[in-house]
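Participant: Those protein sequence lines, which keep their order, are chains A and B. All residue numbers for the first sequence refer to our numbering, where the first residue is 298 and numbers rise by one. All residue numbers for the second sequence refer to our numbering, where the first residue is 73 and numbers rise by one.
Because the hints were derived from the structure by calculation, they are not lab data. Predicted model, so just to flag it, every value in this text is computed and none were measured. You may find that some hints are simply not true.
As the list claims (entries may be wrong) - Covered by chain A, according to a simulated footprint, are these stretches of chain B (three or more residues, beta-carbon under 8 Å): (1) 176 to 190; (2) 232 to 238; (3) 267 to 276.
To be verified - Sample of chain B residues with no beta-carbon within 10 Å of chain A, all distances over it, derived: (4) Q136; (5) G137; (6) F139; (7) V167; (8) S203; (9) D241; (10) K315; (11) L339; (12) N354; (13) G375; (14) G382.
Yeah, the Cβ is synthetic: ideal placement off N, Cα and C, and Gly gets one too.
What follows is each chain in one-letter form.
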Amino acid sequence: MIAKFLLGVGLAIVMAVTGVSSYVYLGSRQSKVAAPPQKPTAATPRAQALTLPGTIYLAQAGALYSFSAGRFHQLTPEVGWTQPALYPDGSHLLVVKRSGFYSDVYVLTPYGGVVAQLTNNAASPRNAWDTGANAWSFYPRLSPDQRTLWMSYDGPKYAGAGYFDVDMAVWAVPLGAPIRNGRAWTVANNYTGGDIQPIVVPGGIIYTKYVYDQNGNRTGQLWFTNRAGSAGRALTSTDASCAQPSLSPDGGSLAMICTYQKQVSNLTIASWNGSSLGGLRTVVSDQLVAQPTWSPDGSGIAYLAPGGPAAPFQLWFLPKNAYNPPAPPPVPTPSPSPGGPHNGPLPSPTPTPAPVAPVVKPIQVTFNLGFDATSPLAWLG
Amino acid sequence: MTTITLAVLAVALSAVAGGFAYFLPAAATALQETGVPAVVPSPSPLATLFSPSPSASPSPVSQQGAFTVLLLGSDDDSKFSADHVLTQSMILVRVLPATKEVVMLSIPRDLYVHLSTGGSGKIDGAYSYGSAGAAIATVEQDFGVRVDDYIWVGLLGLIKVIDAIGGIDVVTSNPVMDDYYPSDIYGNSPYDYQRVAVLAGPQHLDGIHAMEYVRSRHSDLQSDYGRSKRQQQVLQAIRAKAKQLAPSDVPALATAIGGELKTSIGLDKVARLVPLAASFDNPDAIHQVLLLPPYARSGAPGGSLTPNWGLILPLVHQYFP
Numbered sequence: 298m299i300a301k302f303l304l305g306v307g308l309a310i311v312m313a314v315t316g317v318s319s320y321v322y323l324g325s326r327q328s329k330v331a332a333p334p335q336k337p338t339a340a341t342p343r344a345q346a347l348t349l350p351g352t353i354y355l356a357q358a359g360a361l362y363s364f365s366a367g368r369f370h371q372l373t374p375e376v377g378w379t380q381p382a383l384y385p386d387g388s389h390l391l392v393v394k395r396s397g398f399y400s401d402v403y404v405l406t407p408y409g410g411v412v413a414q415l416t417n418n419a420a421s422p423r424n425a426w427d428t429g430a431n432a433w434s435f436y437p438r439l440s441p442d443q444r445t446l447w448m449s450y451d452g453p454k455y456a457g458a459g460y461f462d463v464d465m466a467v468w469a470v471p472l473g474a475p476i477r478n479g480r481a482w483t484v485a486n487n488y489t490g491g492d493i494q495p496i497v498v499p500g501g502i503i504y505t506k507y508v509y510d511q512n513g514n515r516t517g518q519l520w521f522t523n524r525a526g527s528a529g530r531a532l533t534s535t536d537a538s539c540a541q542p543s544l545s546p547d548g549g550s551l552a553m554i555c556t557y558q559k560q561v562s563n564l565t566i567a568s569w570n571g572s573s574l575g576g577l578r579t580v581v582s583d584q585l586v587a588q589p590t591w592s593p594d595g596s597g598i599a600y601l602a603p604g605g606p607a608a609p610f611q612l613w614f615l616p617k618n619a620y621n622p623p624a625p626p627p628v629p630t631p632s633p634s635p636g637g638p639h640n641g642p643l644p645s646p647t648p649t650p651a652p653v654a655p656v657v658k659p660i661q662v663t664f665n666l667g668f669d670a671t672s673p674l675a676w677l678g
Numbered sequence: 073m074t075t076i077t078l079a080v081l082a083v084a085l086s087a088v089a090g091g092f093a094y095f096l097p098a099a100a101t102a103l104q105e106t107g108v109p110a111v112v113p114s115p116s117p118l119a120t121l122f123s124p125s126p127s128a129s130p131s132p133v134s135q136q137g138a139f140t141v142l143l144l145g146s147d148d149d150s151k152f153s154a155d156h157v158l159t160q161s162m163i164l165v166r167v168l169p170a171t172k173e174v175v176m177l178s179i180p181r182d183l184y185v186h187l188s189t190g191g192s193g194k195i196d197g198a199y200s201y202g203s204a205g206a207a208i209a210t211v212e213q214d215f216g217v218r219v220d221d222y223i224w225v226g227l228l229g230l231i232k233v234i235d236a237i238g239g240i241d242v243v244t245s246n247p248v249m250d251d252y253y254p255s256d257i258y259g260n261s262p263y264d265y266q267r268v269a270v271l272a273g274p275q276h277l278d279g280i281h282a283m284e285y286v287r288s289r290h291s292d293l294q295s296d297y298g299r300s301k302r303q304q305q306v307l308q309a310i311r312a313k314a315k316q317l318a319p320s321d322v323p324a325l326a327t328a329i330g331g332e333l334k335t336s337i338g339l340d341k342v343a344r345l346v347p348l349a350a351s352f353d354n355p356d357a358i359h360q361v362l363l364l365p366p367y368a369r370s371g372a373p374g375g376s377l378t379p380n381w382g383l384i385l386p387l388v389h390q391y392f393p
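Generate coordinates for the entire structure from the input sequences, incorporating the hints supplied.
Facilitator: Set out below in structure tokens:
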């Protein structure tokens, strides 16, 4: 009797354990697609497959991080910080702080301390009822002499409340001066989103201009201008749909993304001679590439791209050999054998197979971190 | 021997019970929200006017197993009562399993049409007058197509779906800027506005930002057409992400979207569609159709669009026989 009772109790326990185990097992078989990305600092220290030179500044979930020697450091809390850009002398950072209705440009130390607020884009209290009285500032850059702030800016809007067109133009503002001392350098096309991502190059700026093509599709083009108030001239076609320019350290090449008006984003390189762009060369075409940024030492290009199909964006690095392979060794030429004139035909050299250059692939630097792909990287050498 | 057999059966049963308990919330949600039939009124005489031309029919081989779904996306904030919402988005989807092709036709929400419930008006009002059945009947009678099933999702539902699958990757074609975007989902008043700036380029969007991307239309010369194009992009991104899901994700997904989605597609058909969707992996086999001018032009009453049926119907019947 007791034995049967014990057997029953045992069976009940086994059944309960089996049922719970079955439930837990199924729960453990969930895919990781909906798992939120880790904070970069939670992912370090870890054995990094690759240590990149210098320090890279990048944004995740409204916080700014630095990445050097394989470790991340959180520089700011998660309160809307994005789009870091370096002072040319590397002493400070320009960073955008984004709120619900506006965004402003700040100067930060390399350790995240706020030094100054450069713009003041919140609507004044008397206009607080009007959402359009606020303004956006994005993509800040500093001139080489560190005296002029370049940025994309959507104000001022003279049309007042109810005016629906919101376009950014590229502005130049004396560093630390109010926006009224600034000047719009470009004239945005209406209802396109405008002109963004200025980069300062010798003799002018290169920026992304959004236009309607002949089929009515909105698309990005790289433009160059050297005069305020002038759009300048297009460097790329509307069909290629290029954006996010980045100038190489030697000033001789541009990296960019080109989408060809599809849901793709290729890493593309072209030579730059100071006034015109060479042919576009696609170097990565099987990833959704964002924010290509040259290494200050010229060893490669970092960019953001999903870590897997339809996944959040990770940091990747493309070594220089992938887009600029070393020159092949010289082909051996026949040479007369020593010992005097040769009467017969010259011997042909032993054919040696040309060495096959190893395929250099992009290296995934981070995993499961989910960086802000609309935020350019800043790379300090 | 009998005792051992019974014990083994009991243990096996408990394992099944554990699995049943795991999928119970999903099953409850699925039973509640799938297989919701649409009461389609008898077709109006117009249906015969717009019957498809036999010569326009594609090859019967490609049509084997093909079916048409009407996707309906609605405002469902407190400006509206639950059963009387406008459909801001109406997309006819034709799925061709034989050729692994999909055709998505966006119907402009402002198209001025004969409504199945009587009279004429913007097509986005059809749902508000008679729920999914009226929307389906209106599309069937005006476009001369047969709709096999519908899927309705509210604003919050789309946000929840995208968040539940961990966000989507989209290449936004340009900065989408809007100073008067409705702040009607989480705000205090459904008539408030907020500013939106969805920046350009490849990015990972959560539900809220994906919604901003597909819903904003103020800063777009193409207005609702441009918005339709963005909606189709996001639908494809959702499909791409959904392919990464495992069956064990279904309960969490069902819990997340509970109450925000309705469909006439039954559970059995859903089970058959999931692997089918996964097999559609050629982006070039997804055809997007927009009814841009001259298919429709402005100037109809109340800011609506006048359809050019002479152009629309041959185009529609080319893809929706």
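Participant: None of the hints should be skipped; say for each whether it holds.
Facilitator: For each hint, the structure was consulted:
| no. | hint | in the structure |
| --- | --- | --- |
| 1 | 176 to 190 | violated (count 0) |
| 2 | 232 to 238 | holds (count 4) |
| 3 | 267 to 276 | holds (count 8) |
| 4 | Q136 | holds, 29 Å |
| 5 | G137 | holds, 26 Å |
| 6 | F139 | holds, 25 Å |
| 7 | V167 | holds, 20 Å |
| 8 | S203 | holds, 31 Å |
| 9 | D241 | violated, 5 Å |
| 10 | K315 | violated, 7 Å |
| 11 | L339 | holds, 18 Å |
| 12 | N354 | holds, 13 Å |
| 13 | G375 | holds, 14 Å |
| 14 | G382 | holds, 22 Å |
Hints 1, 9 and 10, counting from the list given before, are not met by this structure.
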